[in-house]
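Each protein sequence line maps, in turn, to chains U and A. The working numbering applies: residue 1 is where the first sequence begins, and numbers increase by one. The working numbering applies: residue 1001 is where the second sequence begins, and numbers increase by one.
Treat the hints as calculated values from the structure; they're not laboratory data. Keep in mind the model is a prediction, meaning the values are calculated, not measured. All residues carry an ideal CB built from backbone N, CA and C; glycine is no exception. Each hint should be verified, as a subset may be incorrect.
[To be verified] Reference listing, derived: stretches of chain U covered by chain A, where coverage requires no fewer than 3 residues with Cβ under 8 angstroms from a Cβ of chain A:
(1) 346–352
(2) 470–484
(3) 509–521
[Stated by the list, open to error] Partial chain A-side listing against chain U, Cβ under 8 angstroms, derived:
(4) Leu1151
(5) Thr1346
(6) Leu1349
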Amino acid sequence: MSKHANRSALASLALALLLVMGIAASPVRLAAQTLDAAFDRLAADSFSDTARAIDDLAASGAPQAESLIEALGARRLLADKATGTIAIQTPAGALLDARTGKPLASPPPGLAVVRINNRLRSAIDAALGTLAMVSPDRSKRLVAAEALFKSRKASDLAPLDKAIAAEKDDAVRSAFGKARSAIVLADDKQPLADRVAAVQSLAEWPDSDTLGFLRQVQASTQEPALKQSIETAAVAIEHRRQLLSGLQNVIYGLSLGSVLLLAAIGLAITFGVMGVINMAHGEMVMLGAYTTFVVQEGFRAFAPGAFDLSLPVAIPLAFIVAGTVGIAIERGIIRFLYGRPLETLLATWGVSLILQQVVRTAFGPTNREVGNPSYMSGAFDLYGISITWSRLWIIVFTLTVFFSLLFVLKRTRLGLEMRAVTQNRRMAASMGIRSARVDALTFGLGSGIAGIAGVALSQIDNVSPNLGQSYIVDSFMVVVFGGVGNLWGTLVSAFFLGIANKMLEPVAGAVLGKILILVLLILFIQKRPRGLFALKGRAVEA
Amino acid sequence: MITKLLIESLDRRSGWFLGIVAVAMVLIPILNLAVPEGSFLHVPTYLVSLLGKYVCFAILALALDLVWGYCGILSLGHGAFFALGGYAMGMYLMRQIGNRGVYANPDLPDFMVFLNWKELPIFWYGFGWFPYAFFMILFVPGILAFLFGWLAFRSRVTGVYLSIITQALTYALMLAFFRNDMGIGGNNGLTDFKDILGFPVQAQTTRIALLVLSLALLALAFALARVLVTSTFGKVLVAIRDAESRTRFLGYRVEHYKLVVFTLSACIAGLAGALYVPQVGIINPSEFAPANSIEAVIWVAVGGRGTLVGAVVGAFVVNFLKSFFTTGALAAYWLFVLGGLFVFVTLVLPKGIVGAVEEFLAKRREARQAAAPAPKPEPAE
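Based on the sequences and whatever the hints tell you, model everything.
What follows is the structure, encoded as structure tokens:
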């Protein structure tokens, strides 16, 4: 506590000193500074000298300035008053002479850390910001632009203008322009016309920081013209933000909808087409996700260079694994229970418990790390809406799976037989269709698609033995809402539920939104027990 | 008249069952309190609590058997009614803590102080008074079941559809109760109870009393269910289970029958939950988990649905198995056993333990009758 008080006392002393010296020295300050003078000031180790040294270093633009100031901020800069030695301590502990950059042969005994206080710390940050403006690293310049926009110090204007003139990258230049406008607007010594122009250029940036800043200036300024122009700009930004957030929600909704569709699409086959309640459906998804994990482990061990290929390899494997397990369940259990849906439900629930425990025993109860290949990671910006590549790929992938399934059902021999068996089992059997075999294959197809869904979900969700559990209620809701036995209904219902969920989220919060959706669904089922797009005709009551 | 009804509705099996419950009500307190601790016959107090828990589960199973076994409504959300009753009891117990909580606030339960709430939410009013809490224990599950059933049965949602929306119901409730701003304890639930009706919850005698009460409720619920299913009303229920459309065409209002039995069953489940909470000392939102409700279904299936006694037997058997497996080195295998039970019972033992025993006895009787010489015709007098 007392140390703290000391420090602040020191700081105010330094402040007073700085003011006096600043006034005294300002005319000659910038003209004749050399790096050496800065070093000497640092070696003096007084707060005021250090502050000047920081400013000078930042203004000099010397190549070693950044590392020096960083070292100062990290308390790794040491100085000896007697000899004027300045040394940088590397993170490893070695000492380098700051003037020459060579290792320090014989460190003088008086070498001590150059002291800094809170005031100096902010000076260090500002100096690093100025240096970052001209950094050769593009991302550092972007960060610097953002920092300038946030700090909005009039003193940054001159170096910023210099940086803008030198800047060649369009994105960075426009970010600098934003920062410049903010600085001009924040500085009430600037001419009114310039500030109004700054408002107009800021209106191009529909982010909340800009909006907040504009509102803040609007509240504090006395100029009616400025107030008026800010009002126009702010309203325009708000409209644009509403539109964008609406669009963003639709995109999130599409993304959630595609996940729901992916999880439910296999169920639409087993439950929708066959009428079998498969509570182990979620576990098929989980098996697919774990298949991805195993495939990736294989790639990591044997072909780390080809890691991007792991997903294309995992997809067919997941289909085969989940499909095989599905056929085994159908042959081993479900076929004895046709016509007894409630018993099927219970038995498959038991299967799901067993599968979970098998996976838990084999892979452990904790989450498993599934990596994203390069084309799945990162995000891109579309007119102010940020979209992650993984979400986009999943939407594309889901639609591909959906239409392939539709093709299988409507255009292949197996699909024809499936539909025939569903519509009238005995008639189909009389026509020579081996209905038992079709049952097994249908179930295998539904399960295999669940496995494929697992590959996609492994990219955006935790891969744990409970993975399937979190999707089972949702998947059933999607199928029931869409109308049993109707693939298009499943598509519509998945996207509808996904978007509705995301639209409700900002209004009601994530959990409450989900609860609302569930309650609405329960009410909806009362109204239309057979879903949005119900099958009509005799088959319904069978 | 009630006695007459009871006597008419109780067959030999029910008599045996009620007899066993009565013996347990007398014997367990004696074996716990009067028999010295070292003795072979002594029933330790932890076992009393464990048994009390099982009895509550058995009552839940009984309630479920009433709707599933006799009316064909497979509810995958009965755990919700159980948990709601438990929460009503938990709220009463929270109010009994008074200013003995960690924050020593006489008006607010600890978790509300922790969340910086200033005053008691309106729905907590009155829970300090037991008769009101008791009313809520029956009312909340009952009204939820009534509304839900009214909507579902009226629009003829049946079979697996009904099962799935009951599951969605309990899932939605679970999500809701996990929220801290609901004002019912959030994910920590309600715990740290001190007194029930003035008796300390942790005391040995209170535990015994709660067990005896649970057993009494089990007997009462069983007798009530038995009267119900042997009456004309029960016959209609079975008719609905076996041929719903035909029953409707015969002129019965199917949805009314379903609604009555569903609501009644929810009330019984709520009571079971209310007795469960003081015996385990905590109620939290995970009681609403869909897996819990479906586990209750397997108790009924293992014991034998549509037999009432079977539900109780199943609840005890499965929970004893669970306690046996989940303590110690076998814990990893419990889900294999439970999952296996689901598959085994549905495939091999569709009538459950009681059904299988009955079949076996019936076969043996037949065999004996076939083996015995035909009885001589009585000479006419």
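(request) Run the structure past the numbered hints and jot down the numbers of the failing ones, going up. (result) 6
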